[in-house]
Amino acid sequence: MSGRGATARRLVVALPYLWLMLFFLAPFAIVLRIALSEVASAVPPYQPHFEGFSKLGEFLSGLDLGNFKTLLDDVLSGDSLYGASYLYSLRIAALTTLFALLIGYPLAYAMAVAPKRWQGALLVFVVLPFWTSFLIRVYAWMGILGPEGPLDKLLMGLGLTDEPLRLLNTEAAVLIGMVYSYLPFMVLPLFASLQKFDRSLLEAAADLGATPLTAFLTVTLPLSLPGILAGAALVFIPCVSEFVIPDLLGGPDTLMIGGVIWNEVFSNRDWPLASAIAIALLVVLVLPLVLLQRARVARERAA
Amino acid sequence: MARVGRGLKGLAAAAALGWALIVGAPAEAQNKELRIYNWSDYVDPEVLDAFKKETGITVVYDTFDQMETVETKLLAGKTGYDLIVVTASFLPRHIPLGLYAPIDAAKVPNLKNAWPEIQQRLAKYDPGNKYAVNYMWGTTGIGYNVAKIKERLGPDAVIDSWSILFDAEKLKKLSNCGVHVLDAVEEMFPAALRYLGLNPDSKNEADLNKAAELLRKMRPNIQKFHSSEYINALANGDICLAVGYSGDILQAKKRAEEAKNKVEIAYSIPKEGALMWFDSFVIPKDAANPDAALQFIDFVNRPAMAAKNSDFIQYANGNIASKPLLSAAVRDNPGIYPPDAVMSRLYTITPYDQKTQRLVNRLWTRVKTGK
Numbered sequence: 001m002s003g004r005g006a007t008a009r010r011l012v013v014a015l016p017y018l019w020l021m022l023f024f025l026a027p028f029a030i031v032l033r034i035a036l037s038e039v040a041s042a043v044p045p046y047q048p049h050f051e052g053f054s055k056l057g058e059f060l061s062g063l064d065l066g067n068f069k070t071l072l073d074d075v076l077s078g079d080s081l082y083g084a085s086y087l088y089s090l091r092i093a094a095l096t097t098l099f100a101l102l103i104g105y106p107l108a109y110a111m112a113v114a115p116k117r118w119q120g121a122l123l124v125f126v127v128l129p130f131w132t133s134f135l136i137r138v139y140a141w142m143g144i145l146g147p148e149g150p151l152d153k154l155l156m157g158l159g160l161t162d163e164p165l166r167l168l169n170t171e172a173a174v175l176i177g178m179v180y181s182y183l184p185f186m187v188l189p190l191f192a193s194l195q196k197f198d199r200s201l202l203e204a205a206a207d208l209g210a211t212p213l214t215a216f217l218t219v220t221l222p223l224s225l226p227g228i229l230a231g232a233a234l235v236f237i238p239c240v241s242e243f244v245i246p247d248l249l250g251g252p253d254t255l256m257i258g259g260v261i262w263n264e265v266f267s268n269r270d271w272p273l274a275s276a277i278a279i280a281l282l283v284v285l286v287l288p289l290v291l292l293q294r295a296r297v298a299r300e301r302a303a
Numbered sequence: 001m002a003r004v005g006r007g008l009k010g011l012a013a014a015a016a017l018g019w020a021l022i023v024g025a026p027a028e029a030q031n032k033e034l035r036i037y038n039w040s041d042y043v044d045p046e047v048l049d050a051f052k053k054e055t056g057i058t059v060v061y062d063t064f065d066q067m068e069t070v071e072t073k074l075l076a077g078k079t080g081y082d083l084i085v086v087t088a089s090f091l092p093r094h095i096p097l098g099l100y101a102p103i104d105a106a107k108v109p110n111l112k113n114a115w116p117e118i119q120q121r122l123a124k125y126d127p128g129n130k131y132a133v134n135y136m137w138g139t140t141g142i143g144y145n146v147a148k149i150k151e152r153l154g155p156d157a158v159i160d161s162w163s164i165l166f167d168a169e170k171l172k173k174l175s176n177c178g179v180h181v182l183d184a185v186e187e188m189f190p191a192a193l194r195y196l197g198l199n200p201d202s203k204n205e206a207d208l209n210k211a212a213e214l215l216r217k218m219r220p221n222i223q224k225f226h227s228s229e230y231i232n233a234l235a236n237g238d239i240c241l242a243v244g245y246s247g248d249i250l251q252a253k254k255r256a257e258e259a260k261n262k263v264e265i266a267y268s269i270p271k272e273g274a275l276m277w278f279d280s281f282v283i284p285k286d287a288a289n290p291d292a293a294l295q296f297i298d299f300v301n302r303p304a305m306a307a308k309n310s311d312f313i314q315y316a317n318g319n320i321a322s323k324p325l326l327s328a329a330v331r332d333n334p335g336i337y338p339p340d341a342v343m344s345r346l347y348t349i350t351p352y353d354q355k356t357q358r359l360v361n362r363l364w365t366r367v368k369t370g371k
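First to last, the protein sequences are chains H and C. Under UniProt numbering, the letters of the first sequence match residues 1 to 303, in that order. Under UniProt numbering, the letters of the second sequence match residues 1 to 371, in that order.
The following block holds chain C by itself, in its conformation from the complex (with noise of 0.2 Å):
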């Protein structure tokens, strides 16, 4: 779900919010138009044409690769989009602020086809599925090229375990072949929690603690701490290791599929559980065009649609009744539709106040300047 450098993405950003400061609210846009902005590499193209072509709306897509870029458009004021996808966890800040407006279900008859136990998760971050309409979910793992993990640590070496990275021992014989990791706070302190047997979610400042100590120690050995490059660099064979999301690995195992370069890559989800995400459509309070934003939700909702997605970019939708006609490589892939018992060591959590984000982000830069 990502893919461009950071700096790209930080300047356009910057350079969107300057503008917003000073013009104010972009032009009104016209009826048949619709503006999204979503998760780069999240949608199959041609479910994009289908639905110009059946309704004449004109879409214009853009794209980000972190939460933190949408997030503070939408605190600058007016965004300019229709519909946008965001990370579930992100939703109990946004909802109290008024930034979105509520989906009218009755416009969205194809919300019949919503899978129970997703939208029971999203309702935590969204109290009675009032805001937010999930898209994609998916975990947060271990990606990994399995012949040099192999080569590294034996011909038996099974990663099953969050101990690849944080056992020293462990992680100190990859260090030279390369190990990423994502640059996100709320996808690697939870896991370093988990490791210890401390409540995922906690926002206690002596857990964080003992989080940001445990994270201090794989440092050495990390190469990036990156949340998009590790997906070519997979791909590429040039590292070994990355702590990822689901569908970015497994994209990075098709292209290298594609590619033959006789790079094979694998996912796992590690035996202590690991975080459960939900990306999830929202509308913004000041869209210009909410009809079209639920018409879209409504298109990518049918079963075929959502298939066709989830296909295409390897991540489970939200859609039940799309299961049966996804292609048996992604249904019947732990990594993307896990079993019954991986699904209940699944953790989600919630969002930080501003008091522990200030800290896990400062323990965070600690961990990656290695001071």
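Extracted from the complex, chain H is given alone in its bound form (with noise of 0.2 Å):
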């Protein structure tokens, strides 16, 4: 090979990585410093302690690892407001996911099996909610599951329910909001790995006495588990730490911990403080994924 063209092909290989420097790392470093600073009454409100690479030794030996005290004891105390909101936060991404695959699953194998000539109009009409914006469907969801919304009309008008169920600003609202946000997510990686699934073997499975059940169950559904597994990454990472969902759909008593960050840099002021839990929820969410990955390709390895 030339000269130029092993240049090129190193060219190639580093946009990725330097955009990963540019838009992950790096922005990671600055959140890390304010997490390792201290409030001040300053512009902008802190004080950092790591003042640049030449007083590194100076700055490891003062490490102040202040913030992250406070949290861990905050969680630590049985009483804690960080800790609850993160389990909330698991919580509601936790479910979402579910919802997200029980309904996105059969999505997805309908427009699997459905004629060629249908498929590219159907995965047009899952990705047509994108060219609204969020946040106006987020707001169109607030006139839905308002106090004398059409849901309530409609239900109320079908003598289901005699009151008004009054479901905005509350969990079950929040919920609705995020499944319907995320569905796509968790459709398309699945609608992909279900396209490629090859059903003669449905064909082999019937022909050596298994039920349709039993043929789903152990030959489509881990056939499809890399797509499952891919749309719940997909939709569970955002969910844990959305904002504006619970913050426009959800009551009082719905927290996450997206919610608590914004409280720490605008209402206390505190960025060291927010940028820690920042830090402490990349790490929660980070480390299983990281584990997960080694069980897979160990399992890989193995087989």
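Treat the hints with care, since some could be wrong.
Claimed, not checked - DSSO-like cross-link-like pairs, simulated, lysine-lysine; straight-line CA separation at most 27 Å:
1. C/262 / H/153
2. C/148 / H/153
3. C/52 / C/78
4. C/150 / C/271
5. H/153 / C/217
6. H/153 / C/172
7. C/172 / C/217
To be verified - The calculated label-pair distances, taken between Cβ atoms and stated as ranges, are:
8. H/163 / C/216: 46 to 52 Å
9. C/77 / H/123: 43 to 49 Å
10. H/98 / C/266: 30 to 36 Å
11. C/151 / H/292: 42 to 48 Å
Keep in mind that the hints were calculated from the coordinates and are not lab data. If you're wondering where the values come from, they're calculated on a predicted model, not measured in any experiment. C-beta: ideal position from N, C-alpha, C; glycine also.
If you follow the hints, you should be able to join the two separate chains into one complex; please do so.
This is the structure in structure tokens:
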């Protein structure tokens, strides 16, 4: 290979790394630096302890983990605001993922088995909501779920309920909004993996005496597992740190970690603690994913 | 003075903040451009048009609905604005940081119209009235749906006390028709403290804990803690009571009248007293066009312009010369220009220090989440 080809190839490989450095690692470093700072009455409102690499030794000897300690003390206190909202965020994200899977799987399946000429149109329908601003769609849900909104009117008109459900500003409203907003992220990878699925395997299963249910559970489901995992990750991760939906559709008791970080920055003017919470969130989220990935690789090697 | 949901505003603020941190200063504004940052729905658009027409200055007008957004922008560094309307109780924290440029009174001849009593109360936050010029002022009280309150509490019911909120027995009767309160510690804690007979400006931990205890009791019957949604909710007849800003509640009343939806809204300043606040013009130290900002302050302090603004937004202004020019509906409305006896019961507050701020915010979060 010529020298120029190698340079070009390196350049192409370097680009994504450069992107990650610039838009992931650098902001992370900034946040970490703030997390290791102290609140100050100043512009910006913190006093960094890390003042540059020339003073690295000095910095490490006097490393201030005060914000992380505050966080840990709070979580260990048993009466924790941060711990409770971390757990609550995980709970909402898990429920959203579950419902998105329950709704998304049949949807993706139906799309995958639909005639080829329809599939393009069906795919467009799934992606169509993205053409309208996400915020406007969440606002629309405020109208639908609101007091005397269309949903209540419909349910009461059908005689299903006697009085308004008052869904807005409840956990149910948050879940509805989240499942609605993140459903396409579940459907698309599921569709991709189900579309590749060779349906003659089902015929073979039927020939061997499997009922449709058994065939689904032992053939289709395991083969679509990569799609399920990809969809679940795409839904779960952004849901944990979701801020807008719980803020607009939720009530005072649906406090997720995004809202807590907002409070720290805007109400408490405590950027360092907010940064520490964000980093703790990253660790809580990333560690299990890394472990999961390792287990998967190990399993594949063993197989 | 507030409209958009917190989410939108939060997003916008966060985006702006990130941008400011990355890029630093926004592009230098041109000489003929004035960038204003004000509360939403807080000016008569015709006044802006008149200013543009007379001076030839282009006005870029952005809005916010929570002081915290503005403060965070200010603390992040460059705001990119020439003129900002801030609530006075934040000034003692900002002035020592050198965030603002002093007002050059020589360039604002219409300051002669300033209302001495308002100036004097404002001086508590800005000693010598050096950095801030009052724009509007108002109170934080109770807005309610007259018909729904009568339906729940009886035909003779009057809303004239904080007890409707802090007496659990009374509040319970309203729980299924909707009660909103402001999501703002600096409004709610002073009200609770005052109701308990304590100093509304108390920074004492024991006092604040007592106030939080009282606030916690109202929690089960509150539908929403929010600083702007109550305007529409009241106007549409969706809720029957809201703790909110005077002018916002009167705007809800006006909207309901215009919509002819038979919803009657009233505003009450509780007899125990209410918080009096001041929104004032300040010029950030790094403003690109401070002269245009001064010109604008002078323009809106012409008595006719101040009256026009107040008539439109239903808040009292700090310009005494505008009073005769106000429409009678605004001037004679005790919710906007309270009589002297009520004025004397209004209290003001000073900002929390960092430690107390953390304490009240934590207490408030517990009130809201009910945990």
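- Query: Which earlier hints turn out false for this structure, listed by number in ascending order?
  - Reply: Those not satisfied are hints 5, 8, 10, 11.
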